[in-house]
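If you read the sequences in order, they're chains A and B. Residues in the first sequence are numbered consecutively from 1, following this note's numbering. Residues in the second sequence are numbered consecutively from 1, following this note's numbering.
Simulated from the structure, these hints should not be mistaken for laboratory data. Fair warning: this is a prediction, and the values are worked out from it, not measured in the lab. Glycine is no exception: its CB is placed at the ideal position from the N, C-alpha and C atoms. Keep in mind that a hint or two might mislead.
[As the list claims (entries may be wrong)] From the structure, some residues in chain A lie toward chain B, with a derived Cβ separation under 8 angstroms: (1) G40; (2) Q91; (3) H209; (4) I267; (5) K282.
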Amino acid sequence: MNGQKQTPILEVRGLSHVYSVGTPFEQKALDDVNLSVDKGEFIAIIGHTGSGKSTLIQHLNGLLRPTTGQVLFHGQDIFQKTSQLRKIRFQIGLLFQYPEYQLFEETVGQDIAYGPANMGLHNSEITRRVSDALDAVGLPQSIAEKSPFELSGGQKRRVALAGVLAMQPEILVLDEPTAGLDPAGREEMFELIRDLHDKRDTTILLVTHSMEDAARVASRLIVMREGQIFLTGAPAQVFGQAEALERAGLTVPQVTKILLALRARGIPVDTRCYTVEQAVQKLLACREEVLGC
Amino acid sequence: MSEMIQAEQLTFRYTDFSHTAHLALDGVNLTIPYGQFAAILGRNGSGKSTFAKHCNAIALPSGGRVLVDGMDTLQPDLIWDIRRACSMVFQNPDNQIVATVVEEDVAFGLENMGVPPKEIRRRVNEALHMVDMYEYRMHAPHLLSGGQKQRVAIAGVLAMQPKCIVLDEPTAMLDPRGRADVMHVLHRLHKEKGITIVLITHHMDEAVQAERVAVLDHGHLILDGTPRRIFVQTRKLHSLGLTVPQSVQLLEALNGCAQAGLEIDALTVEECADRLEVWLKGGRA
Chain A
1 MNGQKQTPIL EVRGLSHVYS VGTPFEQKAL DDVNLSVDKG EFIAIIGHTG SGKSTLIQHL
61 NGLLRPTTGQ VLFHGQDIFQ KTSQLRKIRF QIGLLFQYPE YQLFEETVGQ DIAYGPANMG
121 LHNSEITRRV SDALDAVGLP QSIAEKSPFE LSGGQKRRVA LAGVLAMQPE ILVLDEPTAG
181 LDPAGREEMF ELIRDLHDKR DTTILLVTHS MEDAARVASR LIVMREGQIF LTGAPAQVFG
241 QAEALERAGL TVPQVTKILL ALRARGIPVD TRCYTVEQAV QKLLACREEV LGC
Chain B
1 MSEMIQAEQL TFRYTDFSHT AHLALDGVNL TIPYGQFAAI LGRNGSGKST FAKHCNAIAL
61 PSGGRVLVDG MDTLQPDLIW DIRRACSMVF QNPDNQIVAT VVEEDVAFGL ENMGVPPKEI
121 RRRVNEALHM VDMYEYRMHA PHLLSGGQKQ RVAIAGVLAM QPKCIVLDEP TAMLDPRGRA
181 DVMHVLHRLH KEKGITIVLI THHMDEAVQA ERVAVLDHGH LILDGTPRRI FVQTRKLHSL
241 GLTVPQSVQL LEALNGCAQA GLEIDALTVE ECADRLEVWL KGGRA
């Protein structure tokens with residue numbers, strides 16, 4: 001038990017995954033990925049389609065088996081004992097893309113209860129967790145009696161998230177949770193996820209295409225490219241390498257592009273920024289310098 | 001002289017599970033002339049998808065009417081002519097692919113229309129070239145990326161030679177590169193073929209590329225104009241659940257905190273950089 005505090009909650013060691021081995025479609029989706037996640041971190045995994053990010057997260061709760069390498073949860077190899085895998089899936093919650101299509105029960109309450117029921121919890125505990133999960137995603141308790149068909153798309157997505165939260169996972173992995181939502185819906189979803197992180201101390205791994213969104217919510221970014229981790233670091237560090245990001249097929253925020261365009265014109269502006277507020281500061285500083293006042 | 005799409009007092013009523021009546025569209029007057037590239041914006045539930053469905057008679061008006069290429073969508077015998085004139089592409093590429101080979105998928109509509117095989121071959125090839133998917137013609141669609149699938153779906157409607165293509169959030173499920181490829185194809189169809197494009201989107205950066213932006217909210221047409229006129233209305237758009245490009249936000253913020261006096265209607269990176277360059281060097285933009 002010594003030094004347990006130092007053990008990362010999740011660790012990926014030398015992970016490689018090859019699809020369709022021995023067929024003409026053989027494809028190396030992950031190539032020696034190493035990653036360590038501390039408890040309470042909020043990480044965004046960014047990458048172009050085919051960069052391996054979905055393959056990576058499917059390993060994190062044992063949906064895919066590594067071709068080589070290991071996934072460690074609290075220092076334990078999750079594939080060591082197959083009988084343990086089921087338990088680990090309760091602790092590492094995975095919310096897929098467009099999860100609203102996966103609701104299947106007659107009522108919202110039953111759908112959220114599905115996970116906890118499978119964990120073998122008592123009815124009273126299940127009821128408590130369903131109610132708690134509805135609170136956590138900002139839905140009224142009365143919605144539990146409704147059919148998922150009666151809900152809007154945004155509500156259904158929250159119900160799907162509640163279904164994962166009801167298992168009270170230590171780690172929450174979210175695959176594109178804001179895809180297809182309008183700007184206000186995106187903002188709400190991010191607020192909700194931030195709350196889960198801040199108030200419940202859930203470790204979050206968020207997969208997204210959007211650099212802007214990633215930078216706003218996460219404290220660490222992992223950029224994937226061709227099955228490998230291409231860049232990693234705090235948002236400001238990662239955005240300092242805008243050209244490299246664009247080469248990886250990712251778009252940097254428009255404000256970053258504007259500052260880069262100014263720099264390309266020979267204006268000495270600091271381009272390490274990704275929000276409008278930061279850009280304002282950089283531009284004010286730059287004007288002082290240029291005008292010497 | 002008819003218009004491509006002409007919605008007059010368009011109203012669409014539906015009842016939900018609790019038998020409450022809702023108006024998804026409430027007296028919308030919106031005319032899209034031939035050859036225009038129009039973007040329709042609005043938050044979820046604003047009525048924009050419902051409007052799209054009225055453009056090729058998937059949904060029919062509860063009140064008012066819609067004329068497509070001069071044809072009233074309420075006339076059942078015109079429905080196939082309407083759908084030939086105005087085709088639709090949906091959000092989820094997986095829901096629109098029917099065949100197991102790309103070129104067969106593109107040919108599907110033509111086969112149903114009874115087009116002669118030689119002509120089918122010609123049109124399928126042309127459509128695949130237009131969307132830059134010709135080299136994938138023998139591939140299995142389910143192994144393509146989202147952006148590629150969406151371009152195959154566009155080729156499928158293109159082969160039917162429509163005058164107008166309505167796209168309901170065609171890029172919502174795509175990554176940045178896939179989105180850029182689809183947008184490139186849409187501009188190409190608009191410029192080279194003169195096809196009217198009606199793009200329903202949540203992405204403001206796509207809307208700024210259109211010739212015209214219409215904003216719906218609660219079933220009403222709230223704003224209608226060029227992107228330059230629409231996207232400077234930051235507060236109004238925010239109240240409608242929408243955002244403006246960061247270029248506009250940046251210039252507005254500088255005006256707010258440094259009295260920079262900048263014109264805020266810069267929609268592109270270069271436009272914005274032009275104005276900032278002048279200001280940084282001490283001038284007034």
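Regarding the hint that H209 (chain A) lies at the interface with chain B, is the smallest CB-CB distance below 8 angstroms? Status holds, d = 5 angstroms.
Just to be careful: measuring from the Cβ of G40 (chain A) to every Cβ in chain B, is the smallest value less than 8 angstroms? violated (29 angstroms)
Hint check: 8 angstroms Cβ-Cβ cutoff, I267 (chain A) to chain B: With a minimum Cβ separation of about 6 angstroms from chain B (threshold 8 angstroms), the hint on I267 (chain A) holds.
Chain B contact restraint on Q91 (chain A) - CB to CB distance below 8 angstroms: Not OK, violated: Q91 (chain A) not within 8 angstroms of chain B, min 29 angstroms.
Does K282 (chain A) meet its interface restraint, that is, does its C-beta lie within less than 8 angstroms of any C-beta in chain B? Violated: closest Cβ of chain B sits about 10 angstroms from K282 (chain A), beyond 8 angstroms.
The structure is inconsistent with the numbered hints 1, 2 and 5, although it conforms to all the rest.
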